[in-house]
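Chain W is already provided as a structure; the job is to place chains H, P, B, D and F with the ligands on it using the hints.
Sequence order for the protein chains is W, H, P, B, D and F. Numbering-wise, the numbering used here puts 40 at position 40 of the first sequence, and it's gapless, one number per residue. Throughout, the numbering used here is defined as the position within the second sequence, counted from one, plus 394. Throughout, the numbering used here is defined as the position within the third sequence, counted from one, plus 788. Throughout, the numbering used here is defined as the position within the fourth sequence, counted from one, plus 1182. Throughout, the numbering used here is defined as the position within the fifth sequence, counted from one, plus 1294. Throughout, the numbering used here is defined as the position within the sixth sequence, counted from one, plus 1406.
Incorrect hints may appear among the rest.
Coverage of chain B stretches by chain D, computed from C-beta distances (three or more under 8 Å per stretch; other residues unrestricted) [what the hints assert, rightly or not]:
no., segment
1, 1198-1212
2, 1215-1225
3, 1237-1246
4, 1257-1267
For each label pair, taking beta carbons as the anchor points, the in silico distance ranges come out as [to be verified]:
no., chain 1, residue 1, chain 2, residue 2, range
5, D, Gly1378, H, Gly665, 55 to 65 Å
6, P, Val987, F, Tyr1457, 48 to 58 Å
7, F, Pro1463, H, Gly598, 17 to 27 Å
8, B, Thr1204, P, Val987, 30 to 40 Å
It should be emphasised that the hints constitute simulated quantities derived from the structure, not laboratory data. Note that this is a predicted model, so its numbers are computed, not measured. Glycine is no exception: its CB is placed at the ideal position from the N, C-alpha and C atoms.
Here is what each chain is made of, one letter per residue.
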Amino acid sequence: MTTHPLTVALDSGDTAWLLVSAALVLLMAPGLALFYGGMVRAKSVLNMMMMTVGALGVVIVAWTLVGYSLAFGDDVGGGLIGNPVQYLGLESLVRPDADGTFGIPTILFAVFQGLFCVITGALISGAIADRAKFGAWLVFVTVWTLVVYAPVAHWVFDVSSGSHVGGWLVNRVGLVDFAGGTAVEICSGASALAVALVVGRRVGFGKEPMRPHNLTLVMIGAGLLWFGWFGFNAGSALASGHKAAVVFAATLLAGAAGILGWLGVERVRDGHATSLGAASGAVAGLVAITPSCGSVTPVGALLMGVVAGAVCAWAVGLKYRFGYDDSLDVVGVHLVGGLVGTLGIGLIASAAAPTAVAGLFYGGGLGQLGRQTLGVFGRPRLRVHRLGRARARR
Amino acid sequence: MTTHPLTVALDSGDTAWLLVSAALVLLMAPGLALFYGGMVRAKSVLNMMMMTVGALGVVIVAWTLVGYSLAFGDDVGGGLIGNPVQYLGLESLVRPDADGTFGIPTILFAVFQGLFCVITGALISGAIADRAKFGAWLVFVTVWTLVVYAPVAHWVFDVSSGSHVGGWLVNRVGLVDFAGGTAVEICSGASALAVALVVGRRVGFGKEPMRPHNLTLVMIGAGLLWFGWFGFNAGSALASGHKAAVVFAATLLAGAAGILGWLGVERVRDGHATSLGAASGAVAGLVAITPSCGSVTPVGALLMGVVAGAVCAWAVGLKYRFGYDDSLDVVGVHLVGGLVGTLGIGLIASAAAPTAVAGLFYGGGLGQLGRQTLGVFGRPRLRVHRLGRARARR
Amino acid sequence: MTTHPLTVALDSGDTAWLLVSAALVLLMAPGLALFYGGMVRAKSVLNMMMMTVGALGVVIVAWTLVGYSLAFGDDVGGGLIGNPVQYLGLESLVRPDADGTFGIPTILFAVFQGLFCVITGALISGAIADRAKFGAWLVFVTVWTLVVYAPVAHWVFDVSSGSHVGGWLVNRVGLVDFAGGTAVEICSGASALAVALVVGRRVGFGKEPMRPHNLTLVMIGAGLLWFGWFGFNAGSALASGHKAAVVFAATLLAGAAGILGWLGVERVRDGHATSLGAASGAVAGLVAITPSCGSVTPVGALLMGVVAGAVCAWAVGLKYRFGYDDSLDVVGVHLVGGLVGTLGIGLIASAAAPTAVAGLFYGGGLGQLGRQTLGVFGRPRLRVHRLGRARARR
Amino acid sequence: MKLVTAVVKPHMWEEVRQALETLGVKGLTVSEVSGSGRQKGHTEVYRGAEYDVSLVPKVRLEVVAHDDDLEDILRVMVTAARTGRIGDGKIWVTPVERVIRVRTGELDDDAI
Amino acid sequence: MKLVTAVVKPHMWEEVRQALETLGVKGLTVSEVSGSGRQKGHTEVYRGAEYDVSLVPKVRLEVVAHDDDLEDILRVMVTAARTGRIGDGKIWVTPVERVIRVRTGELDDDAI
Amino acid sequence: MKLVTAVVKPHMWEEVRQALETLGVKGLTVSEVSGSGRQKGHTEVYRGAEYDVSLVPKVRLEVVAHDDDLEDILRVMVTAARTGRIGDGKIWVTPVERVIRVRTGELDDDAI
Ligand SMILES: Nc1ncnc2c1ncn2[C@@H]1O[C@H](COP(=O)(O)OP(=O)(O)O)[C@@H](O)[C@H]1O
Ligand SMILES: Nc1ncnc2c1ncn2[C@@H]1O[C@H](COP(=O)(O)OP(=O)(O)O)[C@@H](O)[C@H]1O
Ligand SMILES: Nc1ncnc2c1ncn2[C@@H]1O[C@H](COP(=O)(O)OP(=O)(O)O)[C@@H](O)[C@H]1O
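Next comes chain W alone, as it looks inside the complex:
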């Protein structure tokens, strides 16, 4: 690792945008804490918020020590995972000569990715609201970081180096996933489903009313989440330019359309729109645009948002039908919304957008839809399988 001329290539504008983006993703943590905290019953709000804050603590430490290496180190095990000691403690990234791969400092990329892991992990806590022990949660989320998230991130996000087999979902399968529809949204949603099944239902689920106790908090939280999501999505461009701008616009449009989609379903089904619905709709739209923000036109983003809002508004009712207690609808919003976004790319991606891929409705045929489906349904099967075993042991 010698000093090489590439280090002069750091772009101050790109770096500024990634500094901001990383800060924005950090802000998603309190945003999520409030979003979730307002949705639980009054007696659980502090416990709920602590789960996000605690996750922030342990995940960042785990990520710094070995997580980043596992996700972005050189292939080990044929691309299953990265070399866990390659960037041990991120020590080697402190010197300027570690930079150069992108126009941004590598250490900044490392913490930006670490914050993705924090948010993904913290999302899961919504599924077990009201009934998780804080200590057990910290252990779970630490293990999950290293055993579930890091490998998935290696497959999806580690695309920088062509020689890495890691990143195979993108490099080989040809999955398009801009900011983490699979690694973040589907992964957190599927993990949440697994955990909700393992942990079991809340006492009184389906009988006692468990009303959200403070919708104002939910609104503040959703506002901060959306704000942070610009960093999440447009920051994933890793540069400040046209691509980031298109992604930014898509993120705005899908969130706005998501509001309308969810409220529309509420209007028709329940007779009136609710503020929880508005907040949820924005989040559903944002979830769906996360993988697709680089692949759709503005009208595509509106479509993505309105469909995700409507579908998720319907999907949150599934838990009553199937009887799993996903307290805050992580499955209904993140798993379902992530699927809408990831598969939707196969339908409405436009070749004019930065990822330059065309979906079925934009003259691209069935090819990309197939690749998206393959990318999505390879992994969950594995996980559900494992889960089946976990339940059997109980």
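This is chains H, P, B, D and F with the ligands only, laid out in the frame that chain W set:
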């Protein structure tokens, strides 16, 4: 629209700042929702917040589809409005070759401007707090976006192209309005007055006490608004450089001085300062500096802020004298504050500041004061006229 | 001050990052207001928040008029203070030709530094929560800005010009203090101790229970503070590049580790972790990393955070032992945390980090530890001395 | 002496207070309560799940009164609190044996 | 007529309400209170300082009842509210002299 | 048996509770109320508009007591709650016919 070499001129630093600015302006929406939400009675808080969130949904969709074209398209009707189909659905802005006019991506400019429209529209809801139906509000704000805001934005903000008559308030009249004192503040204030008159008073107005129910929310909201306002004002420089820095400083200084101005009036008139006054004063200062932030020195910004804070503190009492029920004082703060700022340019603009215009007290004579007055009082007359008809029909 | 070619050196990326950083530091004011506001009893929350907001008003005005000149003007009194009329009203910084010293506009630097003063001043209010008159507080914090903060800032932050003796703590003593461990954290902590002693205890201190009334507010506040702290620390790099990235990472890591440090002490001492502990731990870690963020490796940042979290968790109990009523533990968190960070540089600074200084454990010997100790313990003695006199006069 | 307890609609208590004042009755104690009765509660829907909220917000007024004033007090209370719609509430009267004014230690009829 | 006041554990009031409904008793008034008694409060620790919170949250139910229904009401209340653990609460009965339904002006037994 | 209801200043209730404890009276029920009486409310000003807040926050204590303890209870309550300034509050006593401890089903004097 062929690829032209200008697209290489995108500046990553300018783009980074505008990406951030747009995100900041989005954050003003929850900021406003909280600011307003805390000021109404407890029973109305969710309805109040929903008006802002709903406006965000419909305005963004309307703006994307035709609003942006109406505001920034080529002149139609002699400059009254832009060509509504020119940028239909913003589809044409997705390709990089749509960039080039500024150092920033055009699609980013389009959504940045769309968020201005969201905030301006949402501001109006404060005038009809406690008594607006959500559905009716959504219809109103959509129509308002296309029929009121888009034309005004065409006159004030569409200055990029010299051949456009749109932008005539700036191009022809010589109005100085940096970030929207007329299009945003005065327009929302005047619209609010109109709507408050049409909708009529709350049941119990002037008799029942209608105390703000949660001043902590008001404070959170004001904090987010101020934070977002840096994007609103300094983002309007559309570049990251000296001009943005001067504007940024003015935005900070006027807000701080606004606090002192309002609290001073409270101290003298009511005997003690209140936290609602502090929050309101900051907002009043920010309103006044919005048009003038590019035209004043730091001391001018302090003056602008302290005067706006004091004048608005006095103006919010007018509604009791004139008997219109502007629930949350959109008129008293935004219309009056916008006037202070827009006309104040004619008095204390300094030639040293970026817009390079001198006001009366800075040796510039009466010329600019005249232009500002003309710019302001051309349009409201039209609107009041229309309003008179509306009321007569009731 | 003639136009010189350096003005072309403004970097749009650096400027973008500093614009954002300044906005982030502004957001720390509402963040602090909420953090403190949630910690007091319900009846004091508005008064508490007003102290921060009021400080924002008066400090910004004082800073604009003469404060900045006192801190960053040419030496007066052998480097004790800057020339108070040099940048009177910041008027001379409006013209572009005032730029050039850094890659950023000078006026932006001036307001960025002004916001540091706001936060430092507002921090003090935590020590006298529940018992300060608003008017008296405004007078105090204005005087303190000019008499305490401006000189200290002159010694620590005014390092730009080699000919200035101001900045002697850094230039001569060789103190390493990246973003204000001495000027901000230790200064606010020591001022808070002084003020708490002069003002005396709350009625009922040590007898009546004075429980924090709203931990959700505390959490929101801590979240905004952390978000803003990225601007505070990484903005202090005054450029968007590798250095800012390393500082950013350290700020994230120390906050996360601070959570774990504080919660660990709570677990052992009190039997269970609390949400107030999590929020406090993050802040303690951030305080300690403020001076040291440019000097440590990622593992060093984790160490700094966990130690600061643990030490501060223990230090907040000291007030009961010594009998001073530091209501919200400004001394226990900011003075103690600031000492941990400033002295800790002498132990765990790494030569690989941007400031290129090695501490004792990183092979640097005792030299830097000595310099840090000297830098810290020169000034407080002065202040305590003065305080003794103040109390004697009562 | 009697204790008059009235449970009324939330926005009516101020009317009742004013009506009592015209009788010269100034002292009263107010608290927020919820009631259940003939008046139906409402249904809230969150994310598609319905929650029945059976309780309706009410305000309780308590007035300790001289025996002689009782009829007048009941009369003005009923008049002031009535809207004619279901849920207007109830008033009940219980006997009081002792009253003390804490500040002065005055007793019974003097203390009211 | 009697006023039955029951102070019970917060999550038990809904059971009590449902039990009363089986008796045909629909009207009742509910309020949030705190209690102190044999049941210990708890200790909260903030930044290392301990705070004793001696009060325990409870819910108070008030039911104005016909004399004849009293025994039934007491019986189902005790049954529904009992968990068997300390802090289950108290029920007390006081005499009521007058009752008025505000909406109709109906009196006494008709008004309940 | 008697029910003693005391409406006192908010920061005095803890004193009253402690005073009762010295008598061996541990059970009591506390609630937040607002009062109106001789003590004036205050005026709040928001954006120049004045709002009269006529109600003053108070705390209500309810104690079910043995007949024999009544005088002692009243005495210590009055002493503990008195500040001597207007608004110190009122105490009133009503007869109680039945008391039940929910947990055990104990009755009347045994249940207190
Ligand atoms: N038996 C009762 N005991 C105590 N409170 C009652 C009783 N019946 C009614 N209430 C109170 O009176 C309120 C109004 O009663 P409701 O039956 O809804 O209407 P109305 O009195 O007009 O017939 C209820 O919400 C409840 O608070
Ligand atoms: N003498 C009393 N007067 C009024 N309320 C009482 C009295 N004793 C108990 N309570 C109420 O009953 C609740 C339960 O009483 P407690 O002594 O804790 O348990 P238990 O009734 O099971 O013995 C208390 O929290 C209080 O609200
Ligand atoms: N007649 C009454 N009925 C019920 N509560 C009363 C009555 N008079 C006073 N109170 C309560 O006592 C409190 C204190 O009464 P107030 O007249 O202000 O002072 P004081 O008792 O010292 O003369 C009131 O706020 C109210 O809650």
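Verification of the hints:
1. Given a C-beta distance limit of less than 8 Å, the hint that chain D covers the segment 1198-1212 of chain B is violated, as 0 residues qualify and 3 are needed.
2. A stretch counts as covered by a chain when three or more of its residues have a beta carbon under 8 Å from one of that chain; for the segment 1215-1225 of chain B and chain D the count is 6, and the coverage holds.
3. As drawn, the segment 1237-1246 of chain B meets chain D at 3 residues by the rule of a beta-carbon pair under 8 Å; at three or more, the given contact holds.
4. Note: the segment 1257-1267 of chain B has 7 residues with beta-carbon separation from chain D under 8 Å; the three-residue rule is met and the coverage holds.
5. About 58 Å separates the C-beta atoms of Gly1378 of chain D and Gly665 of chain H, a value consistent with the hinted range of 55 to 65 Å.
6. Checked against the hint of 48 to 58 Å, the C-beta distance between Val987 of chain P and Tyr1457 of chain F comes to roughly 32 Å, which is inconsistent with it.
7. For the pair Pro1463 of chain F and Gly598 of chain H, the supplied restraint of 17 to 27 Å holds, since their beta-carbon distance comes to about 24 Å.
8. Between Thr1204 of chain B and Val987 of chain P the beta carbon distance is about 49 Å. The supplied range of 30 to 40 Å is therefore violated.
Against the hints set out earlier in the document, violations occur for numbers 1, 6, 8.
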